[in-house]
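> Given the coordinates of chain A, work out where chain B should sit on it, guided by the hints.
If you're matching them up, the sequences are chains A and B in order.
Be aware that the first sequence starts at 9, since it is given in the working numbering, and climbs by one per residue.
Be aware that the second sequence starts at 9, since it is given in the working numbering, and climbs by one per residue.
Any given hint could be a false lead.
[To be verified] Derived CB-CB ranges, DEER-like:
no.	chain 1	residue 1	chain 2	residue 2	range
1	A	ALA298	B	ARG530	44 to 54 Å
2	A	ASP341	B	GLN139	43 to 53 Å
3	B	ARG496	A	THR473	34 to 44 Å
4	B	ALA260	A	HIS391	58 to 68 Å
5	A	ASN114	B	THR468	51 to 61 Å
6	A	ASP276	B	GLU541	49 to 59 Å
Hints are computed from structural coordinates only; laboratory data are not their basis.
Even glycine gets a Cβ: it sits at the ideal position worked out from N, Cα and C.
2 protein chains.
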Amino acid sequence: MNTRNTYRRKVANDLSHHRQAPVGMAQPGVGRIMAEGSPLARAARHDAAGVRNEASAPHPACTTLPLRPCRHPLADRRANAELARFEENIKGRFEAIVPVLRKLANLQHEEDFVARAQAYARKSLGYELPQTLLENAWLRGLDMQTAYAHCVFGALRASIEQCTEGLRAQEEEAIDTKNFILDCGFHCVDITSCSDGRLKGLSKYILRLPLTALTARNAYAGGLFNVEANVRRWESVELSRFRSGEPVTADAGTHYLKVVVYHHSSSDPSHQGCAAHGSNDRVAAEAGLARLHEFREAIENSFCCGASIDILLIGVDTDTDAIRIHVPDGNGDLNVFRYIDNAKIYQDTLNLGADEARIGVYEAVRKISDTAGGWSAGAGQPHEGMRRLIVNLLINNLSQIEYVSDMYGGRYPDIGHAERYISVGDGFREVQVRNLAYYAHLHTVEEGAADLDIGIKIFTGLNVTKGLPVPVAIHYRYDSKVPGSRQRMLEKCRRVKAAIENRYADLVGQKLLICQMSLQDRVLGSEIEIVNEDSA
Amino acid sequence: MNTRNTYRRKVANDLSHHRQAPVGMAQPGVGRIMAEGSPLARAARHDAAGVRNEASAPHPACTTLPLRPCRHPLADRRANAELARFEENIKGRFEAIVPVLRKLANLQHEEDFVARAQAYARKSLGYELPQTLLENAWLRGLDMQTAYAHCVFGALRASIEQCTEGLRAQEEEAIDTKNFILDCGFHCVDITSCSDGRLKGLSKYILRLPLTALTARNAYAGGLFNVEANVRRWESVELSRFRSGEPVTADAGTHYLKVVVYHHSSSDPSHQGCAAHGSNDRVAAEAGLARLHEFREAIENSFCCGASIDILLIGVDTDTDAIRIHVPDGNGDLNVFRYIDNAKIYQDTLNLGADEARIGVYEAVRKISDTAGGWSAGAGQPHEGMRRLIVNLLINNLSQIEYVSDMYGGRYPDIGHAERYISVGDGFREVQVRNLAYYAHLHTVEEGAADLDIGIKIFTGLNVTKGLPVPVAIHYRYDSKVPGSRQRMLEKCRRVKAAIENRYADLVGQKLLICQMSLQDRVLGSEIEIVNEDSA
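So that you can see chain A by itself, here it is in the shape it has in the complex (with noise of 0.2 Å):
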């Protein structure tokens, strides 16, 4: 398994770097405001001290996971201690604005605040706050509503930045994904998760997939995505291997695998699951399956010479991270029932040596096709390439449980909702980090409506109650290709926000709803363009 091969690189047997990673962010100040009680700090001490810190304990419902610091053979935990400090960077950005706020509230009548506070902002924020802002504060005051709209999208612009700087590294490790995945049987894999803030680090974090040319993925409220826009994909998918036998040639006997990802909450599952669909996971699992189905008929009917594709269906516990992958039999058809839940292979073999544990998480995988009966039973097993996918996706799994149980002693302390901005469009890939951000994925607010409504009801909760806004990043990807595309893009943000002012008019006219625009090359990594009104 190549990708797991780059981690074991990686990893090696000097954990010293986990231990000595810098607390905190690069940016000055920050590490200062969000060091002392950060879940890193927590984490190196218990890290060192061997014990579990109080503060984080579990939810009493939960007995599940791990209530002492663990070290699962097939963890890796170079690169947890990887993504804890780039959680904590992203994070620290946005946790870093109110405090800066609150400081500025009281500068804001002295002498010199102008210079002052912008001293502070750089020193604390990297970055400062608009000029004319600041020399209106005298007069009625520092308006704080457009200042946390400026900081939020300050901070996620240097999230974004530092997330792209990321990405140009980890190309040796998407070459080696892509080859995996290929070496599975596939050509793509087409992911839909939930809009769910929760699930906005699935690919970097819950399944440690990283972003490459195979990998597809978009969200939808509930994981509803959309059939006829997905056969549109798969068409482009389906030619791309015809006409330049990318990646492959249309007779290298690969599939296109479509996974669905709903979600559920193991601590308060009646109230912190899927809003779609009701916080009921078996409702969602099923809901999932049948969009899935539908997906694959619609392939089969419209399409001769044996058209199909391969599915899966995925749930993830956002309060652990774990996740549950149901298995498809060897007919490729799938069961609400028949699942393996990664928690419980995690404490089965957390005390193996790592090939005892690996042959256990295989024999997991067998088990589940060969021993199902009643309600889940299946036609046995999958098909070998899926066996080795679905194995390499619950190891994976293992570094993200150790993960929460090393950062948050196994269960996050924001089992709900705590994102930090709604994204708009085609939203920022780069960024994934859990809670970050809700994600509306639509085209039109029309069209999209119910799903910003519910965003806008989370954010009511979250900020307009404490008189601060909600900032709302609409951005949208063209293509340079396509001459004309940057244009038409840069006309459907404008429209985007025109008919999202004007559905929460209320809002905006309290300053309580404050959108950024911004447009990007479709291809991964390319620069961020800020727009406003005037851009042409």
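Same frame as chain A, now just chain B:
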């Protein structure tokens, strides 16, 4: 040329069919209302007498088209007679509405009104009015706006049924056309025209191209199609060639042809041209050509292995239906100045024999490529298949020039807007009659608001100022092969209706805008299903 062979077989030498063609509609009553002053009646009279009817005198500014009844050797007079009956039938259904409602207004306070009204409606229109509408008339008078909209939609439904039957009868012709298009070296002829109602009869009348599996057609304001959506359509067509060899295999050497049709008015060029281009035909041609270039470039840049397409630009004089075809050069490049004016070809070949006339058309195409210089210079002749297609379209259009000459003295009496309803969504492909509908092809009102506003402005002049409502027919097609597609299109219908009623709430409040929703399977000729708020 296969299609022409069919036409010629049909024409034979006997034109008695034309002279004996029943005037007006087959439906009882309407014939009586329409027959007297109808254009077909006039045409029949002037056909018999050999002199033209002074009432339909052409605009004095126009001298290019015949002032006497003409018999062009290549005009298909039998097809013209059939098309005349068709146009008369369809338009007759709509023109019968106001006289019937006036009559009902007179009757509404008489004894036994409901029964008499229904009997009269059945006899005159072929369908009844809603029973409760009539029963409530005693209280506040007959609700004429609702009655009018009901009748427009009734006429539309009857027209669609008639057109669908016509389509089934034209199957042989469609196969001939498909073979001809393939013979010319094209596996798809994808036509975008302007949304303007005066082009509603483009395929059936102006170009005489039956709907086939190879011909796609859509309409956008100003002919400015969506490049991204068109690239997806292209991908779909190409995949079909590779996967299933439909309509021909990918190695057959055929091309995808994209055509843009713009329009202008020779009688009143600066007012009755294309509103989207300020009634300036050169601007319209340049914009259409620019969009064709963008599309071609998008394909060439995005796909390897020499992907490209053929392009063609056609202008229509909406007063006479005479076309101009911009002839590609040897490299496939177009020029807004290098075109053939079919009105001139009609004049030049009017007094020749059939074979000579046909040679004349071929010569005109050859000559323009050889002699064009200066602004209109190009690099030699287009390829053989393109030449054959252009000659065929020009010859087809000669019949239409003669049709307008016979029916309307060479120039339509309604050179401006005279649409009967606004068609929103996928539109009714089957119904192709000039000035019948203003067509706003849209998926959301948010994106299509500008097109819709133009339509409402046109209908404010046509209907609202007279107190008549704007009938809006919202129609979407689903794919019965795709599970859930019908249900999603039903939701789309409702969403678009709600958005329209929200945007034009003032008109809706006064019953001056009335919507109908309908669905249809995308297979050509499928039944139309009228849906309402309660449909499931």
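> Would you mind marking each hint as holding or not holding in the structure?
Hints, verified against the model:
1. Between ALA298(A) and ARG530(B) the CB atoms are about 23 Å apart, so this pair departs from the stated range of 44 to 54 Å.
2. Under the hint 43 to 53 Å, the C-beta atoms of ASP341(A) and GLN139(B), about 52 Å apart, fit the expected range.
3. Take ARG496(B) and THR473(A): their Cβ atoms lie about 36 Å apart, and the range 34 to 44 Å holds.
4. Taking the beta carbon of each, ALA260(B) and HIS391(A) are about 35 Å apart, not inside 58 to 68 Å as hinted.
5. The hinted window of 51 to 61 Å between ASN114(A) and THR468(B) holds, with their beta carbons roughly 59 Å apart.
6. For ASP276(A) and GLU541(B), the hinted distance range of 49 to 59 Å is not satisfied, since their beta carbons lie about 38 Å from each other.
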